[in-house]
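Quick mapping for you: the protein sequence lines, in order, are chains V and P. Residue numbering for the first sequence follows this note's numbering, starting at 1 and increasing by one per position. Residue numbering for the second sequence follows this note's numbering, starting at 1 and increasing by one per position.
Derived by calculation from the structure, the hints in this document are not laboratory data. Keep in mind the model is a prediction, meaning the values are calculated, not measured. Be aware that a few hints might be false.
[Unchecked claim] Quick look at which bits of chain P chain V covers, simulated, 3 or more residues with Cβ under 8 Å:
# : region
1 : 21-33
2 : 70-78
3 : 127-140
Just so it is clear, CB atoms sit at the ideal spot from N, CA and C, and this is done for glycine as well.
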Amino acid sequence: MLDNSWPDTSDDIDDRTLAAAARAGDQGAFESLVRRHGPALYRYARRMTGDSDAVNDIVQETFVAAWRQIGNFRAESSVRTWLFAICARKVVDSHRVKKAIPIDDRLIEPASSDRGSDPFAAASNSAFLEAMELALGELPPRQRAVWLLREVEQLTFPQIAAILNLSPDGARGHHHRARTTLQQRLVQWR
Amino acid sequence: MAVGDYDAIDRAARVLRVLPEPGWRAIEDDVIAAVRRTPRGGWPLLVEDPSPGTAEGILRVSELVLGALLSRALADDPDYRVTDIRIGSEEAVLHSISIELSGRYLADLPAAVERARSLCEDVVADVIGDIPGFSIDVSATDVHR
Numbered sequence: 001m002l003d004n005s006w007p008d009t010s011d012d013i014d015d016r017t018l019a020a021a022a023r024a025g026d027q028g029a030f031e032s033l034v035r036r037h038g039p040a041l042y043r044y045a046r047r048m049t050g051d052s053d054a055v056n057d058i059v060q061e062t063f064v065a066a067w068r069q070i071g072n073f074r075a076e077s078s079v080r081t082w083l084f085a086i087c088a089r090k091v092v093d094s095h096r097v098k099k100a101i102p103i104d105d106r107l108i109e110p111a112s113s114d115r116g117s118d119p120f121a122a123a124s125n126s127a128f129l130e131a132m133e134l135a136l137g138e139l140p141p142r143q144r145a146v147w148l149l150r151e152v153e154q155l156t157f158p159q160i161a162a163i164l165n166l167s168p169d170g171a172r173g174h175h176h177r178a179r180t181t182l183q184q185r186l187v188q189w190r
Numbered sequence: 001m002a003v004g005d006y007d008a009i010d011r012a013a014r015v016l017r018v019l020p021e022p023g024w025r026a027i028e029d030d031v032i033a034a035v036r037r038t039p040r041g042g043w044p045l046l047v048e049d050p051s052p053g054t055a056e057g058i059l060r061v062s063e064l065v066l067g068a069l070l071s072r073a074l075a076d077d078p079d080y081r082v083t084d085i086r087i088g089s090e091e092a093v094l095h096s097i098s099i100e101l102s103g104r105y106l107a108d109l110p111a112a113v114e115r116a117r118s119l120c121e122d123v124v125a126d127v128i129g130d131i132p133g134f135s136i137d138v139s140a141t142d143v144h145r
């Protein structure tokens, strides 16, 4: 058994180096990739999926599939984009995508009626984020996926397009609609 | 919030990005364990019998084991990073190893390539034994800072 001694969180070992080692057979290098990208894949799957058991399954299956397939990974895309593409397919295949859920407007009303208040101030901070999560859940899955990948994961539109099997312009369109909807739903928080 | 004013949403995205994911922490070890249980197929490589004639049978090692040991051996040199390792075999006999490196900017790359080649030879001698006629090709194909 190999000593899995790649530094888990070392920022100076880049993904490409770890992927090359993992491709050659080094499971420890792959485990470093798991630890590095696990949180991002988990937060994407959590917001895209209806229940926590499904999230756990999707994330685990994503990494198991990636380990099986890494021999074919040739760095045409980044490791991060490649992992998100596998994860996005697992989300769809799970048939447990969180559908767009219409919500009562009252649920995303601000706790304070003071229009000038900063939504991130004091107690309203967590309430605003809760409202944001509700509004995200209200978006159609594809719009939600594009918005999350763009705004939370900071991927480019071509990368998002590759992950979700869209054109870059299609990804831009979904993003624009998602952004507009979120703005409308959260207008009270201004 | 005026039309086109996305400040609050942008700030929310930044917050969502850094929120901890306790759910991930809860399953991280299980995910790693699942990966460890998942086998990957690799070609077998014949190993030189360290004590010929003392026992029947042949020894083989997976190319993935050799690849993992090569990657570990090459991981510590500050002048290069390994970007690809390929192992070629024919009828279970190792015949080639190809290593691609990204060299550190301004490093002495020919010397780094030679160090990498020498380490490869040591690993192969350790794992496979003394086999004639195989080639090691090490090249620096990229540069990084």
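Hints, verified against the model:
1. Interface restraint, the region 21-33 of chain P with chain V: holds (8 residues with C-beta to C-beta distance below 8 Å; minimum three).
2. Interface restraint, the region 70-78 of chain P with chain V: holds (4 residues with C-beta to C-beta distance below 8 Å; minimum three).
3. Here's how the region 127-140 of chain P fares: 0 of its residues keep a CB closer than 8 Å to some CB of chain V, so the rule of at least three is not met and the hint is violated.
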